[in-house]
Amino acid sequence: EDQVTQSPEALRLQEGESSSLNCSYTVSGLRGLFWYRQDPGKGPEFLFTLYSAGEEKEKERLKATLTKKESFLHITAPKPEDSATYLCAVHRSGGGADGLTFGKGTHLIIQP
Amino acid sequence: DGGITQSPKYLFRKEGQNVTLSCEQNLNHDAMYWYRQDPGQGLRLIYYSQIVNDFQKGDIAEGYSVSREKKESFPLTVTSAQKNPTAFYLCASSPTGLYGYTFGSGTRLTVV
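Going line by line, the protein sequences match chains A and B. At position 42 of the first sequence the residue is numbered 42 (my numbering), and the sequence of numbers has no breaks. Convert by adding 112 to the 1-based position in the second sequence; the result is the number in my numbering.
Watch out, some of these pointers could steer you wrong.
[Claimed, not checked] Covered, in the sense of this in silico footprint (three residues per stretch, anywhere, with C-beta under 8 Å from a C-beta of chain A), are these stretches of chain B:
1. 133-140
2. 183-194
3. 211-222
[To be verified] Taking lysine-lysine pairs in the BS3-like style, the calculated list, with each CA pair at most 30 Å apart, reads:
4. B:K169 to A:K104
5. A:K79 to B:K195
6. B:K126 to A:K42
7. A:K69 to B:K169
8. A:K79 to B:K126
9. A:K104 to B:K121
10. B:K195 to A:K104
11. A:K59 to B:K126
12. A:K42 to B:K169
[Stated by the list, open to error] Simulated coverage check for chain A against chain B, where a stretch passes if three residues somewhere in it have a Cβ under 8 Å from a Cβ of chain B:
13. 31-42
14. 98-108
Honestly, the hints are just simulated from the structure, not real lab data. On a predicted model such as this, the values are computed, not experimentally measured, just so you know. Heads up, the beta-carbon is just placed ideally off N, CA and C, and yes, glycines get one too.
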């Protein structure tokens with residue numbers, strides 16, 4: 001059974017204090033790992049897709065990395081506007097268009 | 113602008129009623145999905161459709177029904193058989209399922 005576990009559940013940082021969010025996964029044959037950002041009361045916003053171990057992608061203060069068992073979302077010098085819930089997901093094992101399995105998310109708060 | 117439109121934003125259902133949530137996309141995506149989000153839980157897949165006139169059950173399909181008569185539209189009906197329908201419902205689409213999904217802004221359903 002596909003599993004995605006995110007940690008920590010919640011993280012409070014001071015503005016400028018860098019940190020990392022973790023996503024560990026168990027899936028039969030990884031065909032894509034996704035990171036999304038979700039603001040309260042809104043739909044998730046796509047951030048990154050990673051396909052193979054060793055792959056890295058960056059966008060502004062965010063950098064996503066992937067190993068064979070987990071992915072990290074590194075946040076460098078965060079600002080209050082980075083506060084959100086960050087979701088990790090993988091393609092379900094059944095097939096390419098069979099949907100994503102999501103973790104429960106990490107609720108990130110950046111204090112000024 | 114291309115995107116996914118969900119309506120209504122808020123919906124109230126009385127006990128024993130069926131209600132239908134609308135999802136329309138103008139991205140020309142083949143695959144569409146319905147997810148349910150509850151506090152403290154990850155997104156859970158209800159139904160998905162890879163092509164018109166075809167759809168499959170996800171992990172929590174009981175008490176829900178869908179149709180896919182047009183490529184652009186994938187409405188979700190929450191039936192009276194769904195015993196705990198209060199949740200945030202998210203619709204998503206993808207070109208083929210192998211890429212990042214685009215999400216709508218969600219419908220919050222409350223039983224009154």
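Hint check results:
{"no.": "1", "hint": "133-140", "in the structure": "violated (count 0)"}
{"no.": "2", "hint": "183-194", "in the structure": "violated (count 0)"}
{"no.": "3", "hint": "211-222", "in the structure": "holds (count 9)"}
{"no.": "4", "hint": "B:K169 to A:K104", "in the structure": "holds (21 Å)"}
{"no.": "5", "hint": "A:K79 to B:K195", "in the structure": "violated (41 Å)"}
{"no.": "6", "hint": "B:K126 to A:K42", "in the structure": "holds (24 Å)"}
{"no.": "7", "hint": "A:K69 to B:K169", "in the structure": "holds (28 Å)"}
{"no.": "8", "hint": "A:K79 to B:K126", "in the structure": "violated (43 Å)"}
{"no.": "9", "hint": "A:K104 to B:K121", "in the structure": "holds (23 Å)"}
{"no.": "10", "hint": "B:K195 to A:K104", "in the structure": "holds (22 Å)"}
{"no.": "11", "hint": "A:K59 to B:K126", "in the structure": "violated (44 Å)"}
{"no.": "12", "hint": "A:K42 to B:K169", "in the structure": "holds (24 Å)"}
{"no.": "13", "hint": "31-42", "in the structure": "holds (count 6)"}
{"no.": "14", "hint": "98-108", "in the structure": "holds (count 8)"}
Against the hints set out earlier in the document, violations occur for numbers 1, 2, 5, 8, 11.
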